[in-house]
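**Q** Below, each chain spelled out in residue letters.
Protein chains: 4
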Amino acid sequence: MKYGLIGSSGRMGLEIQSVFRNHMLSLTLDKEKEWLDSSPDVIVDFSSCAVTPRTIELCRENHSGLVIGTTALSGEQLGMLRELGKTVSVVQSFNFSMGINILKMILREYSTYLENWDMEMTESHHIMKKDAPSGTAILLKDATGRDCSISSLRLGGIPGDHSVLFANEGEVIEFTHRALSRRVFALGALKAAEFVSQRKRGFYSFEEVLSCELKK
Amino acid sequence: MKYGLIGSSGRMGLEIQSVFRNHMLSLTLDKEKEWLDSSPDVIVDFSSCAVTPRTIELCRENHSGLVIGTTALSGEQLGMLRELGKTVSVVQSFNFSMGINILKMILREYSTYLENWDMEMTESHHIMKKDAPSGTAILLKDATGRDCSISSLRLGGIPGDHSVLFANEGEVIEFTHRALSRRVFALGALKAAEFVSQRKRGFYSFEEVLSCELKK
Amino acid sequence: MKYGLIGSSGRMGLEIQSVFRNHMLSLTLDKEKEWLDSSPDVIVDFSSCAVTPRTIELCRENHSGLVIGTTALSGEQLGMLRELGKTVSVVQSFNFSMGINILKMILREYSTYLENWDMEMTESHHIMKKDAPSGTAILLKDATGRDCSISSLRLGGIPGDHSVLFANEGEVIEFTHRALSRRVFALGALKAAEFVSQRKRGFYSFEEVLSCELKK
Amino acid sequence: MKYGLIGSSGRMGLEIQSVFRNHMLSLTLDKEKEWLDSSPDVIVDFSSCAVTPRTIELCRENHSGLVIGTTALSGEQLGMLRELGKTVSVVQSFNFSMGINILKMILREYSTYLENWDMEMTESHHIMKKDAPSGTAILLKDATGRDCSISSLRLGGIPGDHSVLFANEGEVIEFTHRALSRRVFALGALKAAEFVSQRKRGFYSFEEVLSCELKK
Numbered sequence: 036m037k038y039g040l041i042g043s044s045g046r047m048g049l050e051i052q053s054v055f056r057n058h059m060l061s062l063t064l065d066k067e068k069e070w071l072d073s074s075p076d077v078i079v080d081f082s083s084c085a086v087t088p089r090t091i092e093l094c095r096e097n098h099s100g101l102v103i104g105t106t107a108l109s110g111e112q113l114g115m116l117r118e119l120g121k122t123v124s125v126v127q128s129f130n131f132s133m134g135i136n137i138l139k140m141i142l143r144e145y146s147t148y149l150e151n152w153d154m155e156m157t158e159s160h161h162i163m164k165k166d167a168p169s170g171t172a173i174l175l176k177d178a179t180g181r182d183c184s185i186s187s188l189r190l191g192g193i194p195g196d197h198s199v200l201f202a203n204e205g206e207v208i209e210f211t212h213r214a215l216s217r218r219v220f221a222l223g224a225l226k227a228a229e230f231v232s233q234r235k236r237g238f239y240s241f242e243e244v245l246s247c248e249l250k251k
Numbered sequence: 036m037k038y039g040l041i042g043s044s045g046r047m048g049l050e051i052q053s054v055f056r057n058h059m060l061s062l063t064l065d066k067e068k069e070w071l072d073s074s075p076d077v078i079v080d081f082s083s084c085a086v087t088p089r090t091i092e093l094c095r096e097n098h099s100g101l102v103i104g105t106t107a108l109s110g111e112q113l114g115m116l117r118e119l120g121k122t123v124s125v126v127q128s129f130n131f132s133m134g135i136n137i138l139k140m141i142l143r144e145y146s147t148y149l150e151n152w153d154m155e156m157t158e159s160h161h162i163m164k165k166d167a168p169s170g171t172a173i174l175l176k177d178a179t180g181r182d183c184s185i186s187s188l189r190l191g192g193i194p195g196d197h198s199v200l201f202a203n204e205g206e207v208i209e210f211t212h213r214a215l216s217r218r219v220f221a222l223g224a225l226k227a228a229e230f231v232s233q234r235k236r237g238f239y240s241f242e243e244v245l246s247c248e249l250k251k
Numbered sequence: 036m037k038y039g040l041i042g043s044s045g046r047m048g049l050e051i052q053s054v055f056r057n058h059m060l061s062l063t064l065d066k067e068k069e070w071l072d073s074s075p076d077v078i079v080d081f082s083s084c085a086v087t088p089r090t091i092e093l094c095r096e097n098h099s100g101l102v103i104g105t106t107a108l109s110g111e112q113l114g115m116l117r118e119l120g121k122t123v124s125v126v127q128s129f130n131f132s133m134g135i136n137i138l139k140m141i142l143r144e145y146s147t148y149l150e151n152w153d154m155e156m157t158e159s160h161h162i163m164k165k166d167a168p169s170g171t172a173i174l175l176k177d178a179t180g181r182d183c184s185i186s187s188l189r190l191g192g193i194p195g196d197h198s199v200l201f202a203n204e205g206e207v208i209e210f211t212h213r214a215l216s217r218r219v220f221a222l223g224a225l226k227a228a229e230f231v232s233q234r235k236r237g238f239y240s241f242e243e244v245l246s247c248e249l250k251k
Numbered sequence: 036m037k038y039g040l041i042g043s044s045g046r047m048g049l050e051i052q053s054v055f056r057n058h059m060l061s062l063t064l065d066k067e068k069e070w071l072d073s074s075p076d077v078i079v080d081f082s083s084c085a086v087t088p089r090t091i092e093l094c095r096e097n098h099s100g101l102v103i104g105t106t107a108l109s110g111e112q113l114g115m116l117r118e119l120g121k122t123v124s125v126v127q128s129f130n131f132s133m134g135i136n137i138l139k140m141i142l143r144e145y146s147t148y149l150e151n152w153d154m155e156m157t158e159s160h161h162i163m164k165k166d167a168p169s170g171t172a173i174l175l176k177d178a179t180g181r182d183c184s185i186s187s188l189r190l191g192g193i194p195g196d197h198s199v200l201f202a203n204e205g206e207v208i209e210f211t212h213r214a215l216s217r218r219v220f221a222l223g224a225l226k227a228a229e230f231v232s233q234r235k236r237g238f239y240s241f242e243e244v245l246s247c248e249l250k251k
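Residue numbers (our numbering), protein chains in the order written: chain A, 36 to 251; chain B, 36 to 251; chain C, 36 to 251; chain D, 36 to 251.
It is worth saying that the hints were derived from the structure and are not from the lab. Hints are not guaranteed to be accurate.
For chains that are exact copies, the list does not tell them apart, and a pair is met inside one copy or across any two.
Claimed, not checked - Calculated pairs, DMTMM-like style, for lysine to aspartate or glutamate (alpha carbon to alpha carbon, straight line, at most 20 Å):
id : residue 1 : residue 2
1  : K176      : E209
2  : K235      : E111
3  : K176      : E243
4  : K176      : D153
5  : K37       : E67
6  : K235      : D153
7  : K165      : E204
8  : K121      : E229
In this text the structure is predicted, and so the values were computed from the model without any measurement.
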């Protein structure tokens, strides 16, 4: 598989290169420069939403599939990605870990059982993280179909913790996810890239990538 | 509803009397004495497995339904309870909280998604608790269909915490339940007693009581 | 010991009466009425800051000591309490649990070791709690001599959890306190009342009550 | 500073090389081979206790100081290290993180306040960890001067979590440390190596390295 990488020199970019080491890097886009060796099968973008329009152009120019994990995307940008999915294969998610996506499924299915319980959420990330609440926290909240406050903690080098709490007068249930390193997201990106490279077109969630894998 | 109470003077017995205060206590059995005013519709037993055979006799003598939360029951005793279910209505569970039973359902359904992850469990209870691991921990482990070690902590006045952890190289998912007081179990017993009082016979789990309620 | 009780019919009031059952209740003040049998040795107040001025008057009128755990006191009210301490013995704290006061001592002493670490706090309480952040969270933050954000969660019947977190790039330290029931605060109030009944005058913290006990 | 590295090709060895990149590696010892360029100022060993005798010899031969974080050392081996400290400077600890050493100081000082509370400990590590309980858990337990059970969890890629819990009837205090990556231990090793390179002889704990730093 030939792959392109947006933000190749950032922390997440280096992690992706390490995990994709058996594949060939053929395009990069960083703040200062664009580099193209040959058209990639799939472009991987975990960088900033400021660059998303250029990423979409690159996909069209090279007829490359797309794996995009950028957070804080606008509604308009999401619309552009859906549109792109009519031409090439696109996987878009705010979180590429298997665990978060399993939690998402559980919350979507079981929140009705807990509708009389109070709900709260917390998320903790490293001090460098700019957006709050995290895209993942929003994804989990949306899965419950309810609204609640999200407490965001920013400290040290925490890769990413998320907790969804439910409580009534007599008991508390807590669902917690903890990323041990950024590597887990790069591994999810690889899974998604392999999925994309086998499909002509379509707009997919990471959950669909996982479901497909579980059927194998 | 007229109810009987096994172990009426213990901590859990007093909690049950408080929660059942709108119903009529008509039979008690404690270490030293048995007291009968009139045949109860349902007998509630959260005491010790040493007394289970006598509880079953009392149900037969009075044609009373049974709600039994006793832990550490033997296979033989469970068989006797199933047999009793052919004559009267019986609800048996190692845990009468709604939260634990929701976790049980989640673990039963989603453990296959996590079968490549390592699994561990912990449970913490007050220092007076005699059995370890707790009946609830066993119930949750059984729901996963897997085996794993269960770490039992005994300290202070903790009413009952349970955690089921799954981890792979890059992420951890934790499902936690925390009872805030014994009252939650007494509330579950009341729900089960009302269920029993409306059924002629049958052997039911607390999960079936909850499912029935959710359909309403 | 004869004691007076402000807010005798509230949840905390009932808990105090249960813990003080070997002592004689001789004065009460509730929303609708004041009742006086004879002058108490000590007045206990865990109610609202709206009633604090009347509590202080009652102490002066009856020459009673005071144990006050009211939160959200104004600076002016704290001044009035210090003034009262010149006449009678007063113990004032935002938290009467032994555990919180030990944490306070630890944070005061060890925060300098952690001054290059990021700091965050969370506190979780039952849904009925009106003030946020909790008085206890403020007390713990003040002990560190630093400022940080405090995330307040309100859900179900949680008696009171507090966490102080420190993290740098590579590690996280968390100090957590969890109240298992309101009873723990009533037990602290009794300890403080006994302390007050043995002193003529002075304005004391609950920490001083504990230090005194440890020396015994 | 010139340093030697025992187990240079293992996970921890690579982490140390990354953190010591501004210093000169001049000796290595791995399973298959020994390599010597010139006598190092200090030798760093976070490998297995099987190799400790050879590490001690290398220190004597090269008159090098030693930083040793090997766990599961025997009493005899500890004696040999103390003996070595009469000739060169040695820092020995089962844990080279700043956080664990702060917890150790807190537990040593405050455990007397908690002597009437029940105590329990848990530690969680990656599935590859061989020894249980961890050397760090033992170090923390020893700091309390009490005995208690230690629950060891082994799952996924957890770098290392430790919790010390105290509880009485009404409250729970928990002290938790979580390593975010192995890097934190390598950073501690660097601090200790700089300490060693400035001292002629002596047998030191990592706590002494930290105290010395705080005085600066």
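**Q** With identical chains, the pair K165 and E204 could be close in the same copy or across copies; at 20 Å between alpha carbons, which is it: within, between, both, or neither?
**A** Between copies only: 16 Å across, 36 Å inside.
**Q** For K235 vs E111, is the C-alpha pair at or below 20 Å within one copy, between two copies, both, or neither?
**A** neither (24 Å within a copy, 60 Å between copies)
**Q** Give the relationship of K37 and E67 under a CA distance limit of 20 Å: within one copy only, between copies only, both, or neither.
**A** Classified as neither; 22 Å inside a copy, 38 Å across copies.
**Q** If the cutoff is 20 Å on CA atoms, where do K235 and D153 land: within, between, both or neither? Let me know, please.
**A** neither (44 Å within a copy, 36 Å between copies)
**Q** Checking an output row: K176 and D153, CA cutoff 20 Å. Within, between, both or neither?
**A** within (13 Å within a copy, 27 Å between copies)
**Q** Reference check for the pair K176 and E209, CA-CA at most 20 Å: within, between, both, or neither?
**A** both (14 Å within a copy, 17 Å between copies)
**Q** Can you tell me if K176 and E243 fall within 20 Å by alpha carbon in one copy, between copies, both or neither?
**A** within (19 Å within a copy, 28 Å between copies)
**Q** Between K121 and E229, at a C-alpha cutoff of 20 Å, which is it: within one copy, between copies, both, or neither?
**A** Within. Shortest intra-copy distance 19 Å satisfies the 20 Å Cα cut-off; inter-copy 56 Å does not.
Hint check: violations occur at hints 2, 5, 6; the rest are consistent with the structure.
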